Each structure stands twice: as structure tokens, then as C-alpha cells.
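A.B. asks: Given next are the chains, with one letter for each unit.
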Amino acid sequence: MLQQRSGTTMQILRYAIIVVILTASLFPIAWMITTSFKPADDIMVSPPRFVFKPTLDNYIYALQKANFARFIENTLYVALVSTVIVIVLSSLASYSFARYNPGGGNILFFILTTKMFPAIAVVLPYFIIFQTIGDTAVGKALGIGLDRRGALVVSYTMFNLPFAIWLMVSFFQDIPRELEDSARLDGYNRLQVLWRVVLPLAAPGIAVTAIFCLIFSWNEFLFAYILTRDVARTITVGVESFFTLRGILWGPVSAAATISVAPMLVFVLILQRYMVRGLTFGAVRG
Amino acid sequence: MESATSKSVQAPRPATEARRTMSDTWYSILLIAPAMVIILFFALVPLFYALDISFRFADLTGGGIRGFVGLNNYREVLHEAHFWQAVRTTVVFTSVAVLLEMSLGIFIAFLIHGASRGKGLIRSLVILPLATAPAVTGLFWRYLYDTQFGLYNYFLSVLGIPWQPNWLGDIKLGLWSVIIFDVWLWMPFVALIVLAGLQSLPREPFEAAELDGASTFRVLRTLTFPMLMPVLTLVFILRAIDCLRLYDSVATLTRGGPGSVTETMTYYLWRQGLVFFRMDYASTMALLFLYAVILASGYALRPLLARLAMRAGQR
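Protein sequence lines, in the order shown, are assigned to chains A and B. Numbering follows the numbering used here, with no gaps: position 135 of the first sequence is 135. One rule links them: number in the numbering used here = place in the second sequence (from 1) + 286.
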């Protein structure tokens with residue numbers, strides 16, 4: 001194709017443009033991480049300082065004074081619990097869709113349309129519903145209500161389920177049906193086939209889906225912003241707590257933002273091979 | 287259950303019929319049931335709830351949820367200038383951002399695809415912005431855009447450009463600043479998927495074209511782009527839907543300002559519902575918005591999704 005015609009000059013030009021784009025693309029993140037290690041005096045200066053003495057003050061401030069540790073704990077709890085629920089439910093459902101195709105594609109399509117809902121259209125009713133449930137005995141017992149982690153678990157389960165089902169259907173379809181058939185002939189019953197043959201083979205796909213769900217829950221903002229106030233606040237919303245009367249504390253903001261972004265950067269690098277498939281709901285295999 | 291299964295004559299695959307204890311149909315329904323109950327409950331209940339409220343008077347600051355008012359809320363909302371302003375902002379934002387993201391992303395995908403080495407490394411670096419939460423990076427971009435301490439204006443002055451824009455404070459620039467941020471965040475998404483599309487194209491047609499001495503432009507126009515079309519359409523739709531629903535970055539980057547020039551549908555909705563507590567207006571708008579998105583995306587998506595869903599049936 002194109003590259004076969006291009007000579008050395010073209011290749012050099014190509015790499016030059018790529019370097020420019022990569023720089024533009026990565027420096028905001030790099031600057032954020034850099035700022036998080038800057039002493040307060042080096043942050044609000046003009047022109048910006050590129051050389052400074054690194055310090056952990058911003059992290060200490062964020063974790064201790066701003067209660068950020070609790071935000072992290074909340075985010076972890078909500079992301080993990082909702083992901084576990086989503087994975088259990090969606091692996092069963094996806095297997096069924098991939099093998100037996102109940103509803104002839106219509107149910108799958110319906111599931112996807114729920115993903116198209118603007119989250120904001122759903123979150124206002126959720127607000128009222130959780131407000132109502134929160135005052136009942138059941139809501140109190142389960143911790144589901146406004147500013148309770150249960151409310152976020154429920155919400156994230158809801159919005160990750162359609163995604164997880166679609167993505168996992170594509171993984172289950174990759175498993176040859178013959179393996180199942182021969183296991184049945186060997187005397188396994190249906191549940192044994194699912195548990196001992198299919199799920200182990202689908203494990204990589206399940207792991208990929210789980211990581212995607214973790215990323216989405218970890219980065220979620222709207223539900224967390226509207227459904228929590230203080231007790232159940234998560235990282236993405238908590239970053240805003242560094243707005244003070246004297247202005248925004250950019251040092252601690254950067255530290256908090258770095259804490260929020262760092263694990264996801266690692267996850268995305270792990271997911272590399274599957275990013276395309278995940279981001280297209282399994283439509284493009286990548 | 288046992289007796290019902292012996293009668294399951296319509297089971298699709300007779301080969302393994304020997305030990306059936308339950309028909310395929312029941313088994314498959316049983317497997318999807320738990321997930322479906324949750325999806326149906328949490329998708330439909332809020333929907334009907336919003337529908338109900340959209341026909342009532344609901345001012346949570348005074349009086350709460352009260353009696354039916356017919357189509358009154360719809361009338362009010364559709365006559366509200368702010369509503370149409372928000373619709374316009376959303377449409378402008380979506381068109382410009384998606385256009386830029388698509389063209390830049392496709393350009394980058396071609397660049398990387400043609401690179402002779404280091405493809406893997408370049409790809410892993412390009413996708414990093416995708417890992418970040420828009421709400422968090424959006425907040426940090428306020429610092430980058432800062433007129434006094436921001437890096438962007440510093441770069442401009444270093445490059446000798448006298449222009450020192452007030453990115454987030456200038457009414458003419460506000461929406462552009464959000465667009466630039468969104469392009470930064472999502473252009474890698476387009477690049478990544480188009481790159482995957484490029485890499486999965488079959489080689490033979492291109493080799494044949496090469497032998498025929500077809501020009502690069504001709505190859506692009508008659509081979510590459512037509513073959514990439516399904517992938518491009520999918521990326522386009524996914525991006526458009528996401529842009530129409532834009533909330534996170536507006537909420538942290540501009541908060542709808544300056545004035546209300548970056549107030550998108552979702553942000554306006556949030557203000558109506560949870561700042562002014564006019565749940566009736568908010569629900570009405572949410573539903574109007576929902577209908578619009580479902581109509582638009584359903585129409586555009588249907589053929590594509592039908593094909594995807596068919597895939598399941600073909601196995």
C-alpha cells in the first residue's frame with residue numbers, strides 16, 4: 001500500500017509528525033504528573049518552571065488533609081463489587097446469547113439500546129428512587145440510598161451490564177462448539193460443560209471484560225457526582241474538593257488526579273491487544 | 287421440567303440430543319434471566335418514572351411532586367429559549383468535535399500504519415489518554431488553559447505568537463476550548479480502531495492494484511476507504527453518541543461557562559433538575575433528548591447492529 005512507495009525521506013517525515021502528535025498527546029498527562037511532585041511555590045509561577053526540587057507534600061496533603069484515602073476506598077469498593085456482579089451475570093447471559101441466541105438478536109439489540117440512553121436521562125429518576133429507597137428499612141440495611149456506596153454499585157452494575165454482555169458474546173463465539181459437544185458425549189452435563197470447559201476457555205475474555213468494567217467504574221463521574229455528597233464520594237468527584245476560597249490548589253489536585261489516573265494507565269497497557277475489541281463492544285476484533 | 291424436555295422436538299441440534307434434561311430454549315432463557323431482570327428493571331423503571339413526572343408538576347423546592355398537568359411541561363420546555371440554546375450548543379459541539387476527531391484520527395492511523403518499525407510502541411503511547419477520566423483530566427486542563435500560569439499561553443509566547451487567548455473566559459473561545467479537549471481525549475480512540483481496521487484489510491486487492499500501476503489516490507478512493515467503511519461508520523456513530531451525551535468535561539472544565547456558551551443539553555438538564563430542582567422540566571427534557579438519540583442512533587445503527595446480532599445467530 002502506501003508505505004511501499006515511500007522512500008527514506010518520507011519515513012523520516014512520517015516519524016517526525018508522529019513524534020509531534022505523541023508529544024501533544026502525552027504532555028498534558030506528563031505535566032499533570034510533574035505538577036503533582038512540585039513544591040507549592042513552583043506551581044503558580046509565570047513562566048512555568050520545568051526544573052524543581054521534587055516533593056511528596058501534595059500527596060501527603062491530598063491523602064491526609066483532604067480525606068482522599070476515603071475516596072480511594074469508596075472507588076475501589078464500588079468498582080470491585082459492581083464488576084464482580086456484572087461479570088457473574090454477564091458471563092451466563094453472554095454464553096447463552098453466543099450459543100443459543102435467544103430472541104434471535106432482538107434481545108441483544110434491546111440491551112444495546114439501553115446503553116445508548118444518555119446517562120443524565122437515567123440519573124434524575126435514580127436520584128429520586130434512591131432518595132425514596134434510602135429512607136426505607138431495606139435501603140438502610142443494604143446501604144442503598146443517596147450518598148451510599150450501594151447506590152453506586154447498583155448504578156454501575158446497570159450501565160456496565162450491556163457493555164459486558166456484548167463484549168463477552170464476542171469472546172464466547174470464539175470458543176469452538178465442537179469442544180462442548182465432545183464434552184457432552186464424554187458424559188458431562190450442561191452445567192459441567194459450562195463450568196469445566198467453557199468458562200476456563202473464556203477466562204482471558206472474562207478478565208479483559210472485567211478490566212474494562214473496572215476502568216469504566218473507576219473513571220465514572222456523573223452518577224458519582226449526583227448520587228453522592230460526602231460519605232460515598234469517589235475519586236473523580238473528590239478531585240473537585242480542592243477548590244477552596246483562595247482558588248484551586250493545583251498541587252494537591254494534580255496529586256489526586258495522578259492517583260486516579262495511574263492505575264488505569266497500567267490497565268490500559270495490559271489491555272493493549274484487546275482495546276479495539278473492548279471499545280467497539282466486540283464489533284471489531286482488532 | 288423433565289417431562290417437558292422429552293417433548294422438545296424442535297431442538298436445533300439433534301447430534302447431542304441424547305442426554306437433554308431441559309430444552310435448549312429453557313436453558314438459554316434461564317441463563318439470561320438474571321441479567322435481563324436487572325437490565326429491564328433499571329432501564330425501564332427510571333424511564334417510566336421520568337415519563338410519569340414529565341406529565342406532572344414537580345418542583346422539589348416547593349411542593350414536591352404533584353398532580354397531572356398534561357402536556358404542559360412539554361409546551362414550556364419547547365418554548366424555552368435556553369433549551370434551544372443548549373440544543374444548538376450540543377449540535378455544534380458534536381459536529382465540529384466528531385469531524386475533527388475523525389479526520390485527525392484517520393490521518394494518524396494511516397501514519398502509524400505506514401511506519402516501518404516501532405508500531406507497537408507508538409500504539410501503546412497513543413492510547414494512553416483513553417485511560418484517563420474525562421472529569422479528572424478536564425479539571426486539570428483548567429490549569430493548562432490558565433491565562434497566567436497555563437502552559438498553552440506560555441507555548442504561544444515562546445513560539446513568538448503575540449496572541450494570549452483567555453481560553454475559558456472568552457465567550458467566542460469557550461466552546462472551542464472544550465472541543466480541543468475532547469479532540470485530545472478521543473482522537474486516539476478513532477486512530478486506534480481505524481488502525482485495527484487498516485491492519486485487517488486483505489492484501490490481495492492492493493497487490494493487484496499495485497501491479498496495475500494504480501495511483502495512491504486511486505487505491506485510497508476505490509479500495510481502502512470503501513473497505514474501511516464499516517469500521518468508520520461504527521467509530522462515527524460511537525463518537526457521535528458520546529458527544530451528544532457530553533457531560534463530564536463540561537462539568538469540570540467550564541461548568542457551562544463563560545455565560546452559558548458551553549452549556550450542553552446534559553449540563554442544562556442537570557442544572558434544571560438538581561440546581562433548580564424542577565424535576566418536571568428536567569424529566570421532560572431528558573425524555574425529549576432520549577427520543578432524539580434513540581431515533582437518530584437507532585436509525586443509523588440498525589443495519590450495523592442487525593449484522594452484528596446476526597453474527598450470533600450464524601454460529
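Rather than coming from a laboratory, the hints here were simulated on the basis of the structure. Warning: the hint list may mix true and false statements.
To be verified - Simulated coverage check for chain A against chain B, where a stretch passes if three residues somewhere in it have a Cβ under 8 Å from a Cβ of chain B: (1) 31 to 39; (2) 60 to 73; (3) 120 to 134; (4) 157 to 168; (5) 197 to 203; (6) 216 to 225; (7) 234 to 241.
This one's a predicted model, so the numbers in the text were calculated from it and none came from an experiment. The C-beta atom is built at its ideal place from N, Cα and C for all residues, glycine as well.
A.B. asks: With a Cβ-Cβ cutoff of 8 Å, does the region 234 to 241 of chain A contain at least three residues near chain B?
C.D. replies: Satisfied; 5 residues make the cut.
A.B. asks: Between the region 120 to 134 of chain A and chain B, are there enough contacts, at least three residues with CB-CB distance under 8 Å, for the coverage claim to hold?
C.D. replies: holds (count 9)
A.B. asks: Count the residues of the region 157 to 168 of chain A whose CB lies closer than 8 Å to any CB of chain B, then report whether that count reaches three.
C.D. replies: It holds, with 5 qualifying residues against the three required.
A.B. asks: If you look at each residue in the region 60 to 73 of chain A, do at least three have a Cβ nearer than 8 Å to any Cβ of chain B?
C.D. replies: violated (count 0)
A.B. asks: Do at least three Cβ atoms from the region 216 to 225 of chain A come closer than 8 Å to Cβ atoms of chain B?
C.D. replies: Holds: 6 residues of the region 216 to 225 of chain A have a Cβ under 8 Å from chain B.
A.B. asks: At a Cβ distance under 8 Å, does chain B reach at least three residues of the region 197 to 203 of chain A?
C.D. replies: Violated: only 0 residues of the region 197 to 203 of chain A have a Cβ under 8 Å from chain B.
A.B. asks: Are there at least three residues in the region 31 to 39 of chain A whose beta carbon sits under 8 Å from a beta carbon of chain B?
C.D. replies: holds (count 3)
In this structure, the hints that do not hold are numbers 2, 5, in rising order.
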